[in-house]
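Place chains D and A on chain S using the hints.
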Amino acid sequence: MSYALTAPLPTRIRVLLPVAVLVIATVLWEIAVRSTRSQGLMPMPSGIALSGFELTRSGVILEAMAGSLQRVAIGFVIGALIGIPLGLAVGTLRPLERSLRPVLDGLRSIAPIAWIPMAILWLGVRGNAALFVVSYAATFPFLVSASQAVRLVDPRLIDAARALGASRWDLLRAVLVPSTLPMLFTGARIALAFAWGSIIAAELAIGIKIAGQGRNVAGIGQLMVETLYVKRDVDALVFYMLAIGIVSLAIDAGLRHLQRRVLPWDRQ
Amino acid sequence: MTITRIMRFVEPLIGVVGVVLLWMLVARLAANATLVPPPAVVWQAFVAMLDGDLPRDILASLAHLGVGYGLGVATGLALALAAGSSRWLEAVLDPLAEFLRPISPIAWIPIAILMFGVGRLVPIYLIFYASLFPIFVSTLDGIRHVNRNLVNAAQSLGASRSTVLVHVIVPAVLPSIVAGARLSLGVAWMALVAGEIVGGDSGIGWRILWYQEFFQMDRVMAAILIVGALGLAADSVLRSLQRALSRVNPSLASGA
Amino acid sequence: MSALLELRHVGKTYTSARTGDSVEALADIDLALRNGEFLAVVGPSGCGKSTLLSLVAGFAEPTSGEVLFEGARVIAPSPARGVIFQDYALFPWRTVHGNVVFGPWARGVPQATRDERARELIAMVGLAGFEHRYPHELSGGMRQRCALARMLANDPKLWLMDEPLAAVDLQTRIILQDELLRLWGDEPSVANRPTVMFVTHGIDEAVLLADRVLVLGRRPGRIKALVEVTLPRPRAALRTSPEVARLVEQVWNLIRDEAAQAIVEETH
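Residue numbers (our numbering), protein chains in the order written: chain S, 1 to 268; chain D, 1001 to 1256; chain A, 2001 to 2268.
Bound-form chain S, shown alone (with noise of 0.2 Å):
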């Protein structure tokens, strides 16, 4: 046992390793998939690329993505403009924050995804259901870090800032926005991924309502339900999941290097 007693592994190997493990891994699971012919069956990595490529080139996949990125883009911009206004307010004024807080923890604990049924109902099946349930989880994270970016700033560098004859509008300008700017940025990237496992929940609910009823694909997560229930392609549908993780990645990398432009003085 070593724990922490080591020192880490050259990086060559940090690197090959995995790769190696992945490569064999990937080949096994082919032969297995083969041998035992449960192509159709089960996922198997042939079928998983060539179903990717099919799906890339016919923009079937684009389309979708496309559809959910857009719902999501939306829902993020109104949940920061409810969220980070509100936050402010209750990181700002205690009295607020105290009376607020049951009810918002109350509502922060409903998973948005319960939300659909009244969702579906309120703004019909559409698009505005799932978009209403993606507002509303983007909208708890900006809440959240708002109030304790606010919360948090550091009353000295207000005193140096007063000290060196700010005014009220410097101080806001000069000294609380770039104070409460990388909590802010961190808490828009949580939002962001919130957002997105939101949208996906909610297409998988609504289309599995109206699977088969030959509906426009609004989305990736309706898109996945028709593959399930009314194509069958397994393959189709792991090569979906590595897309959702993939632009699940692209979206956070870029906003971390948007963060570290906007932000060099951060240190994350």
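Everything labelled a hint here was simulated from the structure, so no lab data went into it.
Nothing here was measured: the structure is a model prediction, and the numbers come from that model.
Every residue gets a Cβ at the ideal spot worked out from N, C-alpha and C, and that includes glycine.
Some clues are possibly wrong.
Beta-carbon label-pair distances, calculated as ranges [what the hints assert, rightly or not]:
1) Glu2266/A x Asp1141/D: 22 to 30 Å
2) Pro95/S x Leu1035/D: 27 to 35 Å
3) Leu1100/D x Leu2170/A: 48 to 56 Å
4) Gly2020/A x Arg1148/D: 17 to 25 Å
5) Trp265/S x Gly1070/D: 42 to 50 Å
Stretches of chain S that chain D covers, calculated by requiring three or more beta carbons in the stretch to come under 8 Å of a beta carbon on chain D [claimed, not checked]:
6) 13-21
7) 118-124
8) 218-231
9) 240-249
Which stretches of chain A does chain D cover? Using the computed rule of at least three CB atoms under 8 Å from a CB of chain D, they are [to be verified]:
10) 2076-2089
11) 2102-2109
Quick look at chains D and A alone, frame taken from chain S:
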């Protein structure tokens, strides 16, 4: 009691009451009990549910949570300990975790339905998968960041390898484990609801859709609020547990 | 007089597993500690003082040369070589008593004996009444006293102290210096008193406390000088004597330039 202490007690109530009043107002304006069930109607629905399926549904959900979360945390912990004890294992497991983590558990639902069919196993599998990552990442991080000087100090004081492991490393990693367990519970809860709604056949999440099929929106609303309450309760339980443990082991005390 | 501790041509090079770069921390260290001696180690940042202590403690092995304690090679930590760390390294989940008792407990000393010894030591370092407090409830000075008691519980022949007073304020530091001298045996000549290797940034502290001051240079850490401090003991009253000031000036002149360089080069 001073004014401040009274206010401290009353303020949260004001918030709750205020929201309920707002709700009543909206319901009154909408004038459609199916579209916007008023609070009173929802309360009645809740009482009726208590007498009916609610206890069974909650139990079913808790069972799903218990099995999925229990297995997930145990597996995540075991994998983290394994990765912590061997740099080679870590070199394989860590990238694997990084690769799988962005694939939201939700994305697994269709495959899970395909593998297990619609039923209890879908939410359980989802919860299991979702709970794995936070505890794994947190524990491994804790192990890697054990203050080297604590281990050095123990060795200089004459502790054997096993004493160091059991009496220094484990207590030092415990805060990370507890933090990871709390994070895991949070995502487990979300996975539970999503799994039951989309691919389950029992539990409170599934029941929400059931009521919706019959347009019993008052019950739907009640069920939604119950989901929130249960989620809150689960986190409170873990928080109290954390507080109790930190009395024995102060390094467990956190800001929350 | 026999040497309790000998370093013969000791060198230590660290190689980063990640990048393959190597840093020569120490080179050509030849040193013999006399029994009952108080040796201070000073030098600019990056001169390898802490590395030296690590090697003597047994936390790391030299890349060249050998470290001999009582004639035998040092390959692992041992209770005979007690260590005090700059960040105290107290076990946060154990009380003061729990920490002090750790050494004897780990070595299998029976409960009654070790509890008695712990009580004695806790009183001796001035922490009576705080046995059941946790480290986070103690001030920096008290934590260091606890660390001291913990080390003393094993009756080590060699005390290794790594900048033990760096993290406390100046007033506390003066008090702790006096206490350290008292516990060690600050008298003209004492048989059987422990040998001390004391790493510090404070040259005034080094000159005041020690019989000899080892001055290291940086990059790599080599012995620049071994200064004899011929001041009489007890030293506590000599803090402000001109003789001390003269010695401090002498040592400082040896490292002044390198210290200035270190400030610029130690950026992150």
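ask   = Taking a Cβ-to-Cβ distance below 8 Å as contact, does the segment 2102-2109 of chain A have at least three residues touching chain D?
value = holds (count 4)
Distance restraint hint 27 to 35 Å, applied to the beta-carbon atoms of Pro95/S and Leu1035/D = holds, 34 Å
task = Examine the segment 118-124 of chain S for residues whose CB is less than 8 Å from any CB of chain D, and state whether their number is three or more.
result = That given contact holds, which follows from 4 residues of the segment 118-124 of chain S lying within Cβ reach (below 8 Å) of chain D.
request  = Starting from the range 48 to 56 Å, see whether the pair Leu1100/D and Leu2170/A falls in it by beta-carbon distance.
outcome  = Check passed, 53 Å falls within 48 to 56 Å.
request  = Could you see if the CB distance from Trp265/S to Gly1070/D stays within 42 to 50 Å?
outcome  = Between Trp265/S and Gly1070/D, where Cβ atoms are some 43 Å apart, the hint holds.
request  = Examine the segment 240-249 of chain S for residues whose CB is less than 8 Å from any CB of chain D, and state whether their number is three or more.
outcome  = holds (count 8)
ask   = How does the coverage statement for the segment 13-21 of chain S fare against chain D, requiring three or more residues with Cβ below 8 Å from a Cβ of that chain?
value = holds (count 5)
ask   = Per the coverage rule (Cβ-Cβ under 8 Å, at least three residues), is the segment 218-231 of chain S covered by chain D?
value = holds (count 4)
task = Would you check chain D against the segment 2076-2089 of chain A, counting CB to CB pairs closer than 8 Å, and say if three or more residues qualify?
result = holds (count 10)
ask   = So the hint says 22 to 30 Å: do the beta-carbon atoms of Glu2266/A and Asp1141/D match that?
value = At 27 Å between Cβs, range holds.
request  = Take the C-beta atom of Gly2020/A and the C-beta atom of Arg1148/D, compute their distance, and say whether it sits inside 17 to 25 Å.
outcome  = holds, 22 Å
Going down the numbered hints, you'll see the structure goes against none, and every one checks out.
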